[in-house]
Amino acid sequence: MKAIVTVIGKDKTGIIAAVSGCLAELKVNIEDISQTIMQDYFMMLMMVESKAAGVVEIGEKMAALGAKIGVDIRVQHEGIFNAMHRI
Amino acid sequence: MLSKNEITETINMIKDQNLDVRTITLSLSLFDCITDDPTKTSRKVYEKIVRKAGKLVETGAALTAEYGIPIVNKRVAVTPVSLVGTASRGFFEIAQSMDRAAKTIGIDFIGGYSALVEKGATPQELEFLDTIPNALSATEKVCGSVNVASSHAGINMDAVARMGGIIKESARRTKDKDGIACAKLVVFCNAVGDNPFMAGAFCGVGEPDAALNVGVSGPGVVETAVRKYPNAPFSELAEIIKKTAFKITRAGQLIGTEAAKRLGVRFGIVDLSLAPTPKLGDSVAHILEAMGLSRVGTHGTTAALALLNDAVKKGGIMASSSVGGLSGAFIPVSEDAGMIDAARLGCLTIDKLEAMTCVCSVGLDMVAVPGDTPAPTISAIIADECAVGMVNHKTTAVRIIPVPGKTVGDTAQFGGLLGTAPVMALHPESAEEFIKRGGRIPAPLHSYRN
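Chains as they are written, first to last, in the working numbering: chain L, 28 to 114; chain A, 31 to 480.
Just so you know, not all the hints are guaranteed correct.
As the list claims (entries may be wrong) - With a straight-line cut-off of 27 angstroms between C-alpha atoms, the simulated DSSO-like cross-links for lysine-lysine are:
(1) K78(L) with K37(L)
(2) K171(A) with K88(L)
(3) K29(L) with K149(A)
(4) K95(L) with K45(A)
Said to hold, decoys possible - Here are some, though not all, of the chain A residues that point toward chain L, as calculated from beta-carbon distances under 10 angstroms:
(5) M31
(6) I37
(7) T40
(8) M43
(9) Y97
(10) V102
(11) G234
(12) E237
(13) Q283
(14) L284
(15) E288
It should be emphasised that the hints constitute simulated quantities derived from the structure, not laboratory data.
Cβ atoms here follow ideal geometry from the backbone N, Cα and C, with glycine treated the same way.
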C-alpha cells in the first residue's frame with residue numbers, strides 16, 4: 028500500500044528526523060520526499076510504502092507525533108490523489 | 031508519479047475549500063418485508079435496515095480515516111412506504127421502525143416515506159398521504175416525498191391540491207420548531223429512484239435489493255477555481271468548471287465504489303449535484319457571484335446557473351462509471367450562505383428562484399414562506415414547479431416551509447445542515463379557484479416519443 032504523508036507547520040529543528048524516525052519504527056519505506064520553506068512555514072510531502080502497517084495506523088501515530096512537535100501531519104491513501112489527477 | 035502541485039491541490043481542496051463527499055446513501059428494497067400484518071411488517075423493516083445498513087456508519091468512518099476526505103452524511107433510502115404498507119395499512123408503524131432503525135445504526139437520515147401518485151392514487155395511497163404530517167412530526171430521522179407529476183403522466187392536480195394541506199398540517203404539528211417537518215418533505219415532478227440526497231431519497235421500484243449511491247459536493251472548490259480567472263470568457267470558464275467537477279466526482283466515485291465493496295452491495299450511481307451547506311466557502315450562490323454578479327438573484331443569475339449546471343455535468347460524467355440521481359447544482363435557500371444573504375436583502379425573490387429552477391436541479395428548495403400562506407397558494411407553487419419539470423423533462427421539486435407564526439422579515443431556524451431561512455414574500459393574489467378544479471393536467475405533446 029502506498030500513501031502520501033504531508034507535514035505542514037512552523038519551521039523548527041528536527042521535523043524531518045522525527046517524522047522519518049517514526050515511519051522507520053513502523054517499517055514504512057520512504058520512496059520520495061520533497062520539502063520547502065514558505066514564509067517560515069515548513070511543508071513536506073512524502074510518498075511512502077508500507078507492507079505491515081495500514082494507512083489508519085500510520086495516520087494515528089503521525090497525528091500523535093504532529094501534536095507533540097506542533098505540526099499538522101496527514102496520511103492519506105494514494106488512491107484519492109490518483110483518482111483526482113489521473114484519467 | 032504524482033506531482034507536488036497535484037498533491038497540494040487535493041490537500042487544499044479538502045482543508046480550505048470544504049471538499050467532501052456529501053453523502054453515501056444505501057438504497058434498500060423493502061419489498062421482501064411486505065406482510066398483511068402491521069406489527070410483523072414493521073418488525074421486518076427494522077430488521078432488514080439494521081442487517082443491511084448496520085455497518086454503513088463504520089464503513090464511512092474507515093474510508094475517511096484512510097483517504098482523508100470527510101463523508102458528511104450516511105443515509106439509507108428505502109422503497110416507498112406507501113407500497114410497502116399497502117397490504118397491512120401500517121404506514122405509521124413503518125415510519126416508527128425506520129426511525130428506530132436509523133437511530134440504532136447511527137445514520138443521519140432515512141428516506142422513503144414516499145408515494146408515487148403522478149397519474150392517480152389508490153385508496154391506500156390516499157390514506158398514506160394523510161399520515162405524512164404525523165409521521166414526519168413524530169419521528170426525527172424519517173424523510174418523505176411524493177411524486178405528483180411526470181413528463182409522461184402529466185400533473186395529478188388532485189394530489190397537488192392535497193399536498194398544500196399536508197404541508198400546512200406538517201408545519202402546524204411542528205410549530206415550536208419553525209415547521210421543521212416540512213423540511214423533511216419534498217413534492218416532486220419526475221422523481222428518480224436512485225437519488226442519494228435528502229429529503230427526496232427513496233429506493234425506486236426498479237432498483238436492486240441494495241445499492242450504494244454517492245452524492246458529491248464541493249461548491250467551495252469550484253468557487254476558488256472560478257475566482258482565479260476573473261477575466262476569462264465563458265467558454266474558458268466552462269472548461270475550468272468542467273475540470274474541477276471532474277476531480278470532485280472522481281473522489282466521490284472512489285469513495286462510493288470502495289464503500290460498496292466493503293458493504294458487499296452493488297455500486298449504484300454518483301449524483302453530480304453541487305450541494306452547498308450554510309458554512310462559509312461552501313455556497314453555490316457564491317460561485318455565481320464569483321462569475322461577476324454582484325449578488326445572486328439579480329439579472330444574469332439564470333444564465334450563470336445554466337452554465338455552471340451544464341459544466342458540472344460535463345466534467346462529472348467522464349469521471350464516473352455511472353451517473354444518476356438528480357445531478358445538477360442545488361439551490362436550497364436555507365442551506366447556502368449566499369442564498370440566505372440574497373433572500374434577506376430582497377435581491378432573491380420567489381419568482382427569480384422559479385426561473386433558476388428551469389436550468390438546474392432541483393427546484394424550490396428549503397424556501398420559508400409566511401405561516402399564514404393559504405394551502406391553495408402552496409399547491410399553486412407546486413403546480414408551477416411541476417409544469418417546469420414536466421415540460422422540460424427534468425426533475426423539479428418543492429420543499430417549502432410555511433413557518434408558523436412568522437412573516438416576511440422574520441427568520442426560520444432549522445439548525446445543522448438545514449440552516450436558516452429568511453421568510454420570503456409570495457404573491458397575495460389567490461389561486462384557490464384554479465386549484466379547486468382538480469383532475470389532471472395532461473402530459474405535453476413531446477412526451478409521446480414512442
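Hint-by-hint comparison with the structure:
Distance hint between K78(L) and K37(L) is unfulfilled; the C-alpha atoms sit about 31 angstroms from each other, more than 27 angstroms. Annotation: proposed proximity of K171(A) to K88(L) is violated, straight-line Cα distance about 36 angstroms (limit 27 angstroms). This hinted pair does not check out: K29(L) and K149(A) have alpha carbons roughly 54 angstroms apart, beyond 27 angstroms. Only pairs whose Cα atoms come within 27 angstroms are accepted, and K95(L) paired with K45(A) is accepted, the gap being roughly 21 angstroms.
Checking M31(A) against chain L by beta carbon gives a least distance of about 7 angstroms; that is within 10 angstroms, so the hint holds. Annotation: interface hint on I37(A) holds; nearest CB of chain L at approximately 5 angstroms, less than 10 angstroms. Taken as an interface hint, T40(A) checks out: its beta carbon lies about 6 angstroms from the nearest beta carbon of chain L, inside 10 angstroms. The closest approach between the C-beta of M43(A) and any C-beta of chain L is roughly 8 angstroms, which is under the 10 angstroms cut-off, so the hint is satisfied.
This hint holds: Y97(A) has a C-beta 4 angstroms from the nearest C-beta of chain L, less than the 10 angstroms allowed. With a least beta-carbon distance of about 16 angstroms to chain L, the hint placing V102(A) at the interface is violated under the 10 angstroms criterion. This hint is violated: G234(A) has a C-beta 28 angstroms from the nearest C-beta of chain L, more than the 10 angstroms allowed. Violation of the interface hint for E237(A) is found here, the shortest Cβ-Cβ separation to chain L being roughly 26 angstroms, above the 10 angstroms cut-off.
For Q283(A), the suggested interface contact is upheld, since its CB lies about 7 angstroms from the closest CB of chain L, less than 10 angstroms. Annotation: L284(A) was flagged as interfacial toward chain L, and the flag holds, the nearest CB pair being 4 angstroms apart, inside 10 angstroms. Hint status for E288(A) relative to chain L: holds, with the closest Cβ pair at about 8 angstroms, below 10 angstroms.
Checked against the numbered hints above, the structure breaks hints 1, 2, 3, 10, 11 and 12 and satisfies the rest.
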